[in-house]
Structures are given as structure tokens and as C-alpha cells.
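As given, the protein sequences belong to chains X and U, one line each in that order.
Numbering-wise (the UniProt record's numbering), the first sequence opens with residue 1 and increments by one.
Numbering-wise (the UniProt record's numbering), the second sequence opens with residue 1 and increments by one.
Treat the hints as calculated values from the structure; they're not laboratory data.
Incorrect hints may appear among the rest.
Each computed DMTMM-like pair below joins lysine to aspartate or glutamate, with the alpha-carbon atoms no more than 20 Å apart [unchecked claim]:
no.: 1; chain 1: X; residue 1: K783; chain 2: X; residue 2: D907
no.: 2; chain 1: X; residue 1: K956; chain 2: U; residue 2: D116
no.: 3; chain 1: X; residue 1: K716; chain 2: X; residue 2: D991
no.: 4; chain 1: U; residue 1: K406; chain 2: X; residue 2: D980
no.: 5; chain 1: U; residue 1: K81; chain 2: U; residue 2: D116
no.: 6; chain 1: U; residue 1: K405; chain 2: X; residue 2: D746
no.: 7; chain 1: X; residue 1: K947; chain 2: U; residue 2: D392
no.: 8; chain 1: U; residue 1: K398; chain 2: X; residue 2: D746
no.: 9; chain 1: X; residue 1: K504; chain 2: X; residue 2: D481
no.: 10; chain 1: U; residue 1: K397; chain 2: X; residue 2: D746
no.: 11; chain 1: X; residue 1: K949; chain 2: U; residue 2: E391
no.: 12; chain 1: U; residue 1: K398; chain 2: X; residue 2: D957
no.: 13; chain 1: X; residue 1: K949; chain 2: U; residue 2: E394
no.: 14; chain 1: X; residue 1: K276; chain 2: X; residue 2: D239
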Amino acid sequence: MASNKKYWKSVEELNENSSIVETLRNNEFVEQIPVDEFLGDKDSLASGSTSRRDFLKYVGFSTAAASLAACEGPVVKSIPYVVQPEEIIPGVADYYATTIADGFDFANILIKSREGRPIKVENNNLEGSRTGANARVHASVLSLYDSLRLKKSKISGKEAEWSEVNAKVKASLEDAKATGGQVVVLTNTMASPSTDALITNLQAQYPTVKHVVYDAVSESNALDAFESVYGVRGLAGYDFSKADVIVSIGADILGDWQGGGYDAGYAKGRIPKNGKMSKHIQIEANMSLAGANADKRIPLTVAQQKQALVKIYNVVTGAAVGTSTIEKYDAEVMKAAQQLKAAAGKGVLVTGLDDVDAQLLVLAINTALSSEAFNPSATKLTRKGNAKAVAQLVTDMNAGSVHTLIMSGVNPVYTLANSKQFVDGLKKVKLSVAFSMKEDETASLTTIAAAAPHYLESWGDVMMERGHYSVMQPTIRPLFDTKQLQEAILSWTETATSYYDYLKAFAASNINGKSWNQVVHDGFSVSEVSSLSAGAIDASTSASKLAQAKSAGLDLVLYTKTGMGDGQQANNPWLQEFPDPITRASWDNYLTVSKKDAEKLGLENWNVANGGLNGSYATLKVGNTTLSKVPVIIQPGQAVGTVGLAFGYGKTAGLKKEMQVGVNAYTLYTNLNSNQSVTVTKEEGEHEFACVQLQKTLMGRGDIIKETTLEIFNTKDAADWNIVPVVSLDHKETPAKEVDLWTAFDRSIGHHFNLSIDLNACTGCGACVIACHAENNVPVVGKSEVRRSRDMHWLRIDRYYSSQDTFDQDVVVKNNAKGLSDSISTLTAMEDPAENPQVAFQPVMCQHCNHAPCETVCPVAATSHGKEGQNHMAYNRCVGTRYCANNCPYKVRRFNWFLYNKNSEFDYHMNDDLGRMVINPDVNVRSRGVMEKCSMCIQMTQATKLKAKREGRLVKDGEFQTACSAACTSGAMVFGDVNDKESQVAKLAEDDRMYHLLEHIGTKPNVFYHVKVRNVK
Amino acid sequence: MKKVGNHKSFSKIFFSLAFMLTFSLSVFSQDAAVGGDPAKGKALFNSQCAACHKLDGKATGPALRGVADKYEKEWLYKWIKNSADLIKSGDALAVKVFEENGKVPMTAFPQLSNADIDDILAYTSEVPAEKPVVVADGASTSSDSGTGISNNVILGALALVLGMLVVMLFLVNNVLTKIAKANGIEVEPKEKAVPIWVAFARNHFLVLVSAIAFLLVAAYFAYGWMMQIGVDQGYAPVQPIHYSHKIHAGDNGIDCKYCHSAARVSKHSNIPSLNVCMNCHKNINEVAETTATPEYSKAFYDGEIQKLYDAVGWDPATQSYTGKTQPVKWVRIHNLPDHVYFSHAQHVTVAGVDCQKCHGPVEEMEIMQQHAPLTMGWCINCHRETNVKVEDNEYYKKIHEELSKKYGVKQLTAAQMGGLECGKCHY
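The shape of chain U in the complex, shown without the other chains:
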């Protein structure tokens, strides 16, 4: 998911007018109150404050937009540098703020100078800039469809020309016959030929051959169709939570094995437990405006994050776990039959195969789907083509040296190493 809180770059047009107005009203006072560099402030905010605060919306700490208007600057300096001291000293406002925010003590930041704090406050006082209204991607779409139409036009024109040619030939033929008749030339009526299908039916040999050919072709297709049974390539079921690999692995570049950590050591590449999601989603409770697509709105994605919170029992309002959990029943996409033993650890850790090799461009998949057919032929083919990764692996050193000499090759394939034996996968 894209970083949230960066409200400087809104990309979408639908922004309610009322919402904008509310903000623009407060702008006037803010500018007067703060003197600092919002750009520096942004950097500081992201490095120091963002772990607990957001500009708009409650995280561990309260939302900070417009905080400079609410409190005295001097008071804020003291509070930020050491809130605990301020509370201890009995400052009524400090105690109030402390209690309002669930008595969560705020980390002291003695290292921040007043100027730094000014910068941060300048940043928090910034009005979310209005985004230049982007005209919908109409241009690109129309050009796309334009090429489509032009092709059709050309084809249509060609068809028209050919059709006209046929008509013309027919007409010419008619005209010539008429002329001949008019000139008294007897046009010999064509001997009525035996229709081709009758001829065909009379030729037993041809019938036999074509019947055999037909049966063979039918068998070929029937076989092909039958072999598709149980092969769920492209299977993309609807999941209880719309989890987008595109956003996580693609846009944000999270490593596959950050979440699917068991793939390194286990036969299973685990479906991550929900506490792994919460490593990030404790702080990320909404997506950026930029994440939304015409197909999936921001509200939709935020709703999906809320589903995660419901499942894991996280109350974003109080920033605490309720203890009420509801395990998520994901629909399993890659279903190997029971009689196949597949080990992720062998392929991921030992062989160093990219996840994408079998799972496809996951980082582009909005909805996860089965990329490979996962048939035995597909497995075996790869074993035949892939060399064993022997570099820096003491285990393979001796066996690879001896075996490659025996086979007279430089690099052994997985098949030559024994990767085609039945018992290696079926037990």
C-alpha cells in the first residue's frame, strides 16, 4: 500500500467541495501562526513522529494537523521535548491532553530544537494542496480503441472490395452470355457434374480415411479437454478479504518472503498469520488516494483493511486489541493433490528459484490467481531444463563433481540429479 498521510499529492478529481471548504477556512489563521520550513518539517515528521502520529486521523497518538492552532507554541515545545515532565509538573493542560489520549505517554524528544519543532508545526499546519484536476484517461483510451477501429475499417473495406469484385465477375459473366445469345452463338450447356459430396460418398476409401482422420482429431481434442480436468490454471477465487498483491508486492515492493516466511524453511509457503499483517497495518489504517483505481475505490480498500481489523480484533479508535478474533477463511488457490510432496524450502532456499517462476507476476496481480498449470508434466519439464544450483553448497560439491563427469556435462540438471524419480515427490 502506498504511504498514507502524504496528502500533498492527490491524484483524483472527486474531492467533495465541502471538504475543501472546511480546510480553506482554516488556512488563513494557520499561515499567520507558524513560521518554519514545511519541507524540512515533513522529513522530520516522517522520521520522528510518523510511528505514532498521522496528520489526519488517530493512530497511537492524536491527529496532528492544525495542532499549532490548538496549543501555545511554548507549551508545545515543552510538551514535545518532554511531556512526562510537563505532566509531572502538574500543568493542567498537559494532564488533560494526557488523559484525553488514553494515558499513553509520549516519547520525549529532547534532541529536537525549537527550530525543528517549528518546521514540523509548519508542516502540520499546511493545507492539503488541491490537486490539479486530472482529466480522465480518456485520451489514451480513445487512441487505443482508435487503432482497433481502424483495423476493422481496413478489413471492412477489403471485404467490400472483394465482394464488389465477385458481383462484377458475375455481372460480366451474365453480360457475356447475353451477348453470345444475342449473337446467336449457342452456349453449350455444361454437363451436370456429379456433386462433390456424392462423389465423396461413393469413394469408400476416402470415406474410411476421413472417418479415421475425424476420429483421431476428435480423440486428440477430447484428450486435450479431459486433461484439463483438475487443472485450475487461472483459478482466481474471490477471497474473504480483497488482498492485493499488486499493492503490497508491486507498488510497495515488499519481499514475498517477508510475509511468506515459512517458504524458506518449510515445505509450505504459509499464508501469513494476521499478526504479520498488523506489523504494518497497525499504522496503516487507510490507503492513499493514489492507491484507488477506477475499479476499486479508496473506500473499498479502507473497508478491506477494516475487515482485517475485525478479524484480528484491533480497535483503531482505542488503538488496542479487543481479544475478539475471527480467523480468516482464505480460499486456497494452489491445491496440489495429497499424493504429491512439494517442498518450498528446496526450491526457494536451496535452488534459489524466484517465486515468480511458478507463481507468475504476482506483483502485478490485483487478484491472486494460479499462474502455472501445476501438472506433473510442467514440474518435470522444469526439472529437465533447470540446472542444479551448486555454488557455495558443500552438500553438492562432491556429488556434482562425480556425477557431471559421469554424464560428461558441465552443469547437471535437476533431472540428472535424480529429480525425475517417482519417489522423490510421491510418498
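Isolated chain X, as found in the complex:
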């Protein structure tokens, strides 16, 4: 504030020409400081009694005294409830069934809650539940405790009460009604029948209301195709467990294609049973999870994929639409088509091509096959977005015809390719409202940023599939002053009920006569549905249109990463640190380029001295849009002529600084089509990746991931394809299993825990990695630490490429290398993956060796063995020598280089009170300088045992679980007690396919794997 007041220290100052004031201004001390008095006398200084030694003594004494004085224990306060809720017992977890529906991920789940705090997501294993929880769903519980959430609604940037917000919207609605202005409700796919009903009510009161559904990652073309045939806006249901031959053209059936959730059914058919397993042929551009798991993978450009589709159409239906030959892979495509035709009803074809014709053709082909796996009546309703309506909305907004825009669960400013137009249009809208959990790109531009609750704080219903009605229930009171869109609509329509009451009444017609409480308890209710009748499909027209497809330059195939999805959980450190299953890079998105194209464009990847992966930058240009500084990763298996880029990164609003990584691929998502034509040019500079796996290939070491073909598996003895390693004992070849350096401990009494991992069923989805994160309080260390290979994941999923076309050939090549120089050159060459390699996933956690190398080298006995098979780790005993990690052949031990909690250097969830609410109180949070590793979830097995003891009964099979085995929806991980001979894991341990990792070193692990069988023929 400006002021004319003059402050003075003495009257003298008021005198303008005072010499005293002048002197004082130049000289701080009026009198000379008598420095000489104590420094000038050299004699007294020399004879002074305080020597340097004395000084140090005093310092030492005062330090010791201070530390002794500090030896008093802290006073811990304990505050019980005033009125304890009946269902909460401190120390005992409660489980609530609910449903996640965030517009991208939909799943029936259970929420584990401790002392009223949701701390973990579990699968809802009740018969009939839909879609197991994937990595993002498991991580979603942490997004509840996001410290950057919108805590209170804001009107024009100022915090406002809900009454003000509702009054303002209501006034705007009335104004729109009076003036006839358009009101648009723009939401993500909520798949919520009750919300639809509420919007219909709103429309009844305000006739100009229009509902537009917008999916950030659109399935609009597939939806259009399905709707035109079956009359329902949805997607066909598929059950891959019923298929013998699966052909997928560009559909990542193990990823987010059609919203995901197919891995359980897929894995069922992949485990060889009675000599049979399904055959999976994947035709695609980017290396996807599905491609990595396929028996045969054919990398093709988008145009070629369309050609392939038409060829398959020709073969299956006997049509003769003219196609051009597909370079190099024509024969293989034809072979796939023949196999599909031969399988007839047992075959199924799916596609992820973003093209109405392609989608129509697939519907036609599956109908022609009368495929059992194809079930259009079990229509998936979790995608409903309409690209045309969204485009129309942007046009309308710019034309000024949208009066009020109400958004919920969408962030178009970030996710629309024509975001600039949207922003311009937004300025012409009289009132814009964004219901959002974050003050994101959109919410910061709208008139009203309405604070929306997390799904764990909300009521709701979800129709994931026709006839499958799920209920979402809150598991915690809203942490902030938030309200759901539904509640707001009820208030705008002046309906005097709460959304809960409305929902309860509404649900009655959907729950098949079940009681409301029963449905809330189960989480869902299933009812029979009539089958849909198919309309005519003009397949031949579509086929001939597709046959015209030609590549123009490079194809850009936009995809979603397993960890990040559409990017709405970008501020979730668990997901940021989650290594991508394919590239194993975390904290980034990047352009995936084939090796050939990279050479052509001069793009490179290289490792620097500390092992970190570096890469070139590229500039992408789609139409008139350029995206610069895109890091490049050379991706084995990427179809030549294509590049891939993942959505969900490059966000800047509502994100901590550390999470603002990557580039925004949505800017290239023109017309919401994931297949674009792109030009790529090299850019200056180098990018530092945080990649956790630098060794790409298996180097012909068939004993690490043992695999065989279905033919050999069926015809030969296990000894031929599951070779037991031998060692020399008394100069005789002896199976490694039988050689013991130590006296073996008798483990036949009591429990003996084993974990079985079936490499055939494991799809590499990574749900277990995040589940382990959540269960065991694994810290997040950040990009630069991951780059230094200091990631803390207790469970990693190794991904290996073959350096020849198959892993089998690798072994042959390695064995054929003769002599030193040949070996060196052969092995060096083997470090490079093949152009279209085979891929294998292998989850590796602590193997809990019965003869553990780590235990013998610990100087303080911090790690020791339990009778029940677990390798224990006593953190408080560990002094951090790291001998154990060095002696571990599996490299599964993790060292706490820093204090990762309550440390502002690691500003992730463990650094704020809110984020720490997710911590599992049953597991210790480790400190700096301590080694940690997988404990085989001993807290869970102990709890299971205690439950049985309290109830005075034996433990039933299936009761023992670890976080990873419980999270595994594909059934690849089975945990249990092998001393219980009837248990599933005991039977798996006796299976012919069983082997131990690095068996020849005689560690006798309690984790075992099952030989991977590929159906190649």
C-alpha cells in the first residue's frame, strides 16, 4: 500500500541536513569497534587457555550431552473412536464389493478396507463377475488419495459452495430454456442406466438438453458397425475360451481392445489339456501384448492388414474380392485364413482396425463361421462414444449455438486433436461446467470446475454388458467437498431424493427380484437377455472398399499402454513407474519404430556408461499437426512402414512435476482415428529412458524359459522337452535336483508354500506387479532412480525376444558356435533381437530357495529360512551390506538407497499424509539402507493361518493367497501348500511341465514354472 508516512528513529532524522544522520548512514557503528582489545594483544592470545584441542573437546562434550539428553522416548498418542462403527474393528480388514467405471476401465472388484480406509483392490471372484482388475484398476485406489484432487468446486477460479454452483447452473438452464439455447451434457461412457434416466428427466424439464458421449480413446467405428447390424450401440462379446483358432487383426485382445478383460477366457484355452490348446495368430503393426503371446505373429502395415482381412474374407466365405499380394507374408496370411476356415465354429476373428468396413467384415466373417466364441447378444456396453457427435459439438460450439455445456469425466482440452477449436468454442459457450476430480486442462478453462468424487466415494450402477447389472458403492466418505453429476442433476431437476434413494428405487427393475442388499453385497446381478437379431451386412461392398487400401508413407498406429491407458490416472506414481510389459520402459511414452525404418530415418537407441538407455528424438507430422521431441525406441516386431505412439502422456495440468512426462499423442488423433498417416523426421538431442531391462534376448539359454511346441509336447516324453539339468557328482552325471551341498531340511510337516507360474497362461499384463506394489508398500523411486536400475518392484515380469525367428533356433545357433572368436561373434550377434521375434514373459520374484545363496552370506543373519518355505527378511536386523543381492542368482533383492517415505526428494504418494493413507498397516515401511524383497506375502499366509486357528479348522485349498496370485485373472499364478496333497498347487508341482528357474545351481526354489508350449504348425 502506498503511504506517505515517514518513519524516523530519532528526532535528528527529521532535520534534513543533519551531519549526524549523514555520518550514521555511512558508518554503522558510531564508536570504533574495539577489535584490537581482544585480537591485538598477541601475547594474551598465545597464552590463552582455549586451544584448538579444547575447543574440539567442548564440541564433543556438548554433542554427546545433547544426544544423551535426547534419549527420551517419544510420547505416542492413541485416539479411539468416540462411537465406533459396528463393522470396523481396528486391525481387521473389511471387504466391499463395488464396480469401477471411469469411462475407460470397467470391472467388478472388491475393496479391502482397513479402519475405514480403502487400501487395495481385489478381484471379485463371484461366479458371473465381469472383467478382472488390470494394472490400472489395481492402482486406482491410489488415485483416491491424490493430493492434487480438486477439493472444492470453483466458479471462475474462486472456491464456491455447492449451493452456488447448483444455483448458477440452474439459472443457466432456465435461461437456455427461455432462449431456446442448446444445452449439451458431454460425458464419458458411464454405462449407467440410472444416469441415462436422470439425463432423460433433465431433458423432460429442459427440452434443449442433448447428451453427447465422448470416449477419449474412441471405438466409434466399431460401435457404428455393430449398431448398423444389431441395432444396439455396443460391441460384440467374445469368449476366447471357446475358440480353437483365434485370428486377430490389429486387435490387442490381451490389452485394451474393446475395454479389455479377455485374458481370463483366452488363458483358459492356452493351457494344453488332453493334447489340445488354442492357436492364436496375430496380425498387427505395433508389438502388443496379444502379439507377444501369439503362436504366430505377422507384422503388417495398416493397409496390409486390411488386405489380409479381405483375403480371410475370401477364403472363409468363398468370395473373390480382388486383393493385392502382401509382401513377404502373403503365404502366412493365407495359411491363417485356411486354419480359420477349417476351425469353422471353433474359430474366431477379431479386429482392432479403426475402420467401419473392417469391423463390418469381421462381424460378417464370424457370422459365416458361426463362431462359438462370437456372441453379439452378450453386447459390451462399456464403450458408447460417438466421434461424429463430438465433432458436431465442436462445430456447434464455434458457431455459438451451445448455450450451456456440462461435462463429466472428460478432458477434451487434453484429449481432442482439435483441442484448439474446442477451446475457442468454449469461449462462446455462456456457461461451461466440468465435473472433474482434477483441475485439469478442461476444468481450468470452464466457468465452473465442479469437484467430482472418486468412484470409491460414489454410488452408481453400471451395465457393462446386456443383462449384467453392477452396482458401485462408496467405500469411504467423500474426502473433499465433492458431489456426483447425478446428485447435481437431481438438484437441477428439483427432485427431492438423494441419488442413493433414486438408485435403489431404479435398480429394482434391473436386479431380477434379488434384494438390493444382496446386489450391493455381490456387486452385480445377472439376468437372461434375449438374443439380438442381426441385420444384413453388405460385406462384399465393405470388402472391396477395404481392398482399395494403400499405404501412403508411414502408418502411425496410436495405442494405449498397459500402465497408462487413456491417461486419466497420469498422476498415479504406481502407474508411472510400472514398466511397460513390452518395452520395459517406465515414466515415458515413445515412438516405436522398426529397426529397418529406424536405420532409414537415422534414429538410434544406445546404452550409456551407467547402463541407461538413450534414444534419438523424432518429429511427427500428421496433416498440419506436428509433435516434436518424441523419444524413439526401436521395437523388435514393429511392422516395417509403421510406427506406434501411446496415449495418456504429455499431460501438464493437475499433475505433479515428476509425472509430467512424455508427449501428448492425442494431438495426432485426428477425427478420433487411431490409424494415421505420418511423416517422421529425426530431431536433435537425446532422450534418457528409464528402462528396467537392458538385456533384450535370451541368448539361447533355453533353461531359463523352457519352451516346446505342442507337437513335441504331445508326442514325446517330458524328459525330452523338459530336460532336467545334470551336474557332476563323483564324476558322474547326476540330476541337479538330487545333489545337495547342505543337509536338506525336512519340510514334510506343516505347511510348505509353493508358487506355481504357468508360462502358457501368463500374458504379461502386469496386474500382479501393481497388486504387489499395493500390498507390500513398495516405494516409488522416480525416473532417474529407475534409470539407475534402482527400481524397487518386488515382482518383475521379464520379457525376452528371440534373436533368431524362434527361441528354438537360438539354442541351435548358440550350440553351433565353435571356438572362442566364433563364440564371441555369435553371442554378440545374439544380443540383437530378430526383426519379428518370438516373445516370452516370465514373472520373477524372490524364488524362496530352500538352499538360498543369500542366507549364507548375510553377516548379521538378517535373512533366514522358515520351516514353511519362505525366505524371511528381518529389516530391522539388516545393516545393508548388500552381499545377499550380489549372491542372488535371480536378482530379486532390492536395496533402499534412500528414504523413500516422508522425503521431499521423492515427492510421490508416501510424501504426503493423504497418499500415505494407502499404506498397508500389516507390512512394514522400509527405511534407508535396508534390503528388501518379496516375502511371499507372509502377512497374508499368517492371517489365513490365524483365521483357521481361531475357527479351529484346517486351511482349505485356495485360501492361501499372495497378492500376485490373487490378482492373476488368467490363472497363471497359483499359490498354496504343497504338503496338502489335494491342493491345486501340489498337483501342479507334480506336473510334467514343472521346472525350476536355474535348476542346475541347486537352489531348490519354492517358486516353480511351467514349460511354455507353443502351438506352431
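Please arrange chain U on chain X, whose structure you already have, making use of the hints.
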């Protein structure tokens, strides 16, 4: 807390004279008005009325002492048997009483006969009997201290005798020397011996050995002292509410697990939430005179109950919750470090260990304190000594049978069952 309302047995002398006088004044009229058996009445009162009424002081219903004087007997019969009917009938007095007491309807007691009611009224009309004045426990104290003094006297006398002996010996020695001198006998002067410390200092071996011994002993004590760091045995902090386990668990014999109910099923033995306190304290708003001790007066205890009411938001005057709560910040006494996992359920429910085994004689503790050291050695020792309780537990049947055969013992200890493994408590 001892039962309140039983004012027949006052144990303390300090009873204000004025207070007594007030009551004695009313005695005369009361005796005339009531004819009934107060002893029977007391039993009936306790079984039927005490849930809502007290003799002196308001509970859900009004205080009942001297109620027979206030109202007509016939009216009381009707009221007690069915007050609602009486109010309905428009009885002015009934309506007034009803309104005065916050319109809380009183339960009808049609089962009580007029004679029963007379008995109850006789009881309510009783004058609180004056307690025989108890002379302070001086006698017992003095006898206690008496033994202490006598011991000291004996020791003192002994010391005196010994001292006198020393003096006498010295004197005798002097006298003898003098006699010898007098007799001309030359007393050979003693050769001056080397002082023992000098001898000691000259003997290097001894110096070395004792230095080592000294260092070892010092190290032993230093170690012992260091190991006490973080061990808070005997920790008895001042709590925000003076809660006496002695009164609750000791005098009144309330089971530990009535309040600490989570100990049965959870790893935590919870600090009871305040609503659990209110299960009893809704009716018990003061302690009996007998509960007070020289150290803690009745007023002190009543004040502590009032603290509970303030915390839980209970207004004793209106007998209702105000809704204003103030959670109590108890000071936690038993603090296990984070890296230890201890489950109460395992020990309490499965093993059937008494709470007192680890927490000590809680029922005698006026102020709760940490009884055990809670060190790992202490835990492990118990695991080594305690047998697993396998009776009637199907879980242990097979494993115990096989394992005991293997170890050749009849009963397995917790240690043999795996209770010494690091990972069982540290994860």
C-alpha cells in the same frame, strides 16, 4: 466402579454436618408416612427401578429419595402401575410430572402389587444411615512402621556394640604398650611396610589383570545400561482421563475383553471407544463413597467421569447426547516398534494366554503401566517355555501329532512350532 446409590454403607468420616442435618430433619415425617419393608424394597428397587432411577440424583428419571412425601400414595400406585394411562386420563399432577421430566414415558409396572410398591417406597424413604466413624488406618500404619524402626534399632545397637569393641581394643592396646614402656620393655618399632597401593602399582601383572577386569565389568554395566534404552518397563504416563483399571477390572471384576473386545479377533487390542464406556456410565455418573481413597477423593473420580461425559458429549442433566464430541487423546503405553508384528488374536484366542501374563496385575493398577519389558528376548523366552494349546483345535491336530513325534516330545512349545522364526513377527 462400585455400585452407586447404595448409601447405607458410608465408609468415610468426612461427612458434612450440615448435610446430615438436612436429612435428619426429614426423617421424622418419613417414618410416619411409609409402612413397608425397606430390605425387600431395596431388592425390588435394584431389579426394577435402578435402570432409570437413583435415590439421590437424576438419571433417566428423577431422584426417588423421599418421593413418598411428595405425592399421595394412591396416586403413586396408579402412576407406577401405568403412568401413561394416568397421563391420558388427564390427571393434572401426572401431566405436570410428565412434562417436568422431559416427557420421557415411564415403563408401566402392572406386575408390582401395592405391597411391593410400599416396600419400595419404604426403601426410598430411608434416611441414609450414618456410618460408624472409622478411625483412620493409623493402627496398621504404625505397626508397619514399628517393625521398620525396630530393625533399625537392632542394627544401630549392633553397630554401637561393634564400635565400642573397636574402641576398647584400641584402648587395651594403648594401655598394654604403656605398661610395657613403664616396665622398660623395648617395644620394637614395626618395620614400616610398603603401602599396599604402592605394592600394587609396582606389580604390573596385577595392574593389567585388574585393568582388564575393570574394563570388562564396566563394559558389562554399560551394555546393561544401553540395553535399557527404548525399554519402557514401568512406563505409566499421565492419561487425559484418570482411568482406574483397579476399580473396573479389580473391584468390579469387569472382564478385560468386555472393553478390549478386538483382542479376540484382531492384532490390536483396541482402546475402547467412548460409546463402550457409556454402556455403563450412562447410569453411573458418580462413584460410591467407598471407592474414594485417601489419594483420590470421590470428587476427583466424579470429575473424571465428567471428563468422559464432556468427551462423548453427554449431558447428564438432560440425559441426552449433545452431539459435541471431543475424542480423547490417550497416551499409548505399550509401543511395539513398527517392524514387529504382534497379534493379540493369536495369543488371546488361539493360545488362550491370560492378559495378565504380559500386562501384569492390571486389576490392581490404579494407574496403568507397562508391566513387561516387551523386548525380543522376553518374547522369545515365553515362546520357548510355553506349550502350544492344541486341545480342541482341528488346525493343530495333524501337525502337532507329526511334529511332536519327530521331536520326541509330548507337548510342543511355541518355539518348536516355528515361533522363533524371524519372519513370523518381522515383515
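Results for each hint:
With a C-alpha separation of about 12 Å, the suggested pairing of K783 of chain X with D907 of chain X holds against the 20 Å cut-off. Straight-line distance between C-alpha atoms of K956 of chain X and D116 of chain U comes to about 60 Å, which puts the hinted pair past the 20 Å bound. Between K716 of chain X and D991 of chain X, the direct Cα distance comes to roughly 15 Å. Compliance with the 20 Å bound is thereby established for this hinted pair. Pair hint K406 of chain U plus D980 of chain X holds up; C-alpha atoms about 19 Å apart against a cutoff of 20 Å.
The straight-line distance between the Cα atoms of K81 of chain U and D116 of chain U is roughly 11 Å, inside the 20 Å bound, and the hint therefore holds. Straight-line distance between C-alpha atoms of K405 of chain U and D746 of chain X comes to about 13 Å, which keeps the hinted pair within the 20 Å bound. The suggested pairing of K947 of chain X with D392 of chain U holds, with an alpha-carbon distance near 15 Å, which does not exceed 20 Å. In summary, the hint linking K398 of chain U to D746 of chain X is supported, as the alpha carbons are separated by about 16 Å, within the 20 Å threshold.
Under the criterion of a C-alpha separation no larger than 20 Å, the hint pairing K504 of chain X with D481 of chain X is inconsistent with the structure, at around 23 Å. For the proposed pair K397 of chain U and D746 of chain X, the alpha carbon gap of about 19 Å is at most 20 Å, so the pair holds. The hinted pair formed by K949 of chain X and E391 of chain U meets the criterion: a straight-line CA distance of about 11 Å does not exceed 20 Å. A hinted pair counts as satisfied when its Cα atoms are at most 20 Å apart, and K398 of chain U with D957 of chain X qualifies at roughly 16 Å.
For the hint pairing K949 of chain X with E394 of chain U, the CA-to-CA distance comes to about 8 Å; that is within 20 Å, so the pair holds. The suggested pairing of K276 of chain X with D239 of chain X holds, with an alpha-carbon distance near 17 Å, which does not exceed 20 Å.
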